[in-house]
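Asker: Protein chains in written order, with the working numbering: chain A, 1 to 424; chain B, 1 to 130.
Just so you know, the hints here were simulated from the structure itself, not pulled from any lab data.
Source: prediction; values computed, not measured.
Wrong hints could be hidden among the right ones.
Stated by the list, open to error - Heads up, simulated DMTMM-like pairs for lysine to aspartate or glutamate below, C-alpha to C-alpha not over 25 Å straight-line:
1) Lys-102(B) with Asp-48(B)
2) Lys-38(B) with Glu-119(B)
3) Lys-169(A) with Asp-73(A)
4) Lys-169(A) with Glu-39(B)
5) Lys-169(A) with Glu-185(A)
6) Lys-169(A) with Glu-154(A)
7) Lys-38(B) with Glu-94(B)
8) Lys-38(B) with Asp-37(A)
9) Lys-79(B) with Asp-42(B)
10) Lys-38(B) with Asp-24(B)
11) Lys-169(A) with Glu-119(B)
12) Lys-38(B) with Glu-154(A)
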Amino acid sequence: MSTESTETAVGHLLRELAPQVLGAVARRHGDFAAAEDAVQEALISAAVQWPSSGIPANPRGWLYHVALRRITDHLRSEMARRRREEAVATDLWAEWAFVPPPDAEIGFEGDDTLVLLFMCCHPALTPASAIALTLRAVGGLTTAEIASAFLVPEATMAQRISRAKGSIKASGEGFTMPAGAERAERLGAVLHVLYLIFNEGYASSGGPELQRTDLANEAIRLARAVHALLPGDGDVAGLLALMLLTDARRAARTGPAGELIPLDEQDRALWDPASIEEGVALVSGALSRGRVGAYTLQAAIAAVHDEAPRAEDTDWAQILALYGLLERMSDNPMVSLNRAIAAAMVHGPERGLELLAALDGDARLRGHYRLDAVRAHLHERAGDPERAIAHYRAAAERTASIPERDYLTLKAARLAAARRAAAG
Amino acid sequence: MKFMMMMHAPRGTGDYQVGDWSPDDFKAHIGFMHGFNKELMDAGEWVDAQGLAAPGEAKLVRAGTDGAPVTDGPFAESKEFLAGYWIVDVPSPERAYELAAKASAAPGPGGAPLNMAVEVRQVMSGPPEA
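Here chain A stands alone, though its shape is the one from the complex (with noise of 0.2 Å):
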């Protein structure tokens, strides 16, 4: 193997193994905070040496005692320092001074991966601050390879997951699995943490951002985790379905100089048909279960799309259909308005815009950029350029994302440049 796949092979193992051993030393050691650090530490070290040194016999052994040891060395430099200032000797580092126990007797458990997610996922913490922790303490990526995913500061992602831990140690919650309705109420937390980093990384991909930690994977690579562990939760096979089948398309939906291509220009020879198989399955499968959640809907709808060879074989009735149900489900500004997009494919241009009219005085979506994104579409099909091009202009002035603006700008000059054409 030459070097490079060496270091990407023990990358892919570091990340699989990250969690297990984690769950262990946490089990182990009760502070989970302390075990995170020594676990991150054990990693670290083992991305460095076994590229040359070759992958031990047993990685997740090695992490383990390496990690435990990174504890007993900290406990006692602490110890020792204590011991100075107080001139007290004491045996308790003696505790800490076992040998390690046979890898055998290591408590390994699959669902150690499930406890510290909903630890990552706590409702104390900020969405930021539980991505930032779930990406390390359960993706195994380092610090560095996360700082550079959100673009700040290796110092400020540090700090940032070090008050996270800080956050969960001050309410009090052991490294146990919640039980009954706590357990449902926070997978639902856990599911919106994993959609949060897909759509993070699904935006930020391709173009110029290349280098970028590839958090859409991480994500794919998260959920499917979940889903080995929860196989009949519909919600977990709805949300991996969900990331694949919107991963399918992101060869199509970006140009060369990292320009947003729409949906319905997109080159669909470039969909990745084993994203969409592997989606259309798990779709096919949540829904026949019974209990359909949003997310699995939003995976329907997805599935409809990719299922359409070409754009105008799309089946916007069925579209139609499944938002409906969605907006009675979750009471979302944003669904409401691609129901309008849907139903002014199905009826017509005018009945998308009444849609809108009726979201107006939503102040939830007051000063958004996407009702006027999607107003300016809908006036652009009914044949009404000028409200077109003042739309798509104030959408570009109140989105915060370069590529979107690039586009709605570039949708207003074609529509300006056309009619200045036609006026001649």
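Dock chain B against the given chain A, drawing on the hints supplied.
Answerer: Chain B only, in chain A's frame:
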């Protein structure tokens, strides 16, 4: 969400009025800025911060017909100048405004808040949603 906070200082009679401040007032001002930066780092919100050199040598540069730089300035008559900026990564615009207000109240002569104008602009780092 990332925001740039641009701190505009009054020009007054010279480039930097701080030369006329008492040493203790100046030290208090520096100490405040140091503490403010540390607070941003501890909160995990700090992305970047830079102070800019005095505007006395500031130039406006444009390309000439041959592409060579044509410089203009300095502009002694302008009332305010950009003294420095921060880029912060925060959960909401409100948090950015709160931080900007804090920076604006940096102490000046006699420890009184300077209440400098801080322009807050979102950095275009958001994801597209379509």
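Asker: Which hints, by number, does the structure contradict?
Answerer: 9 and 11
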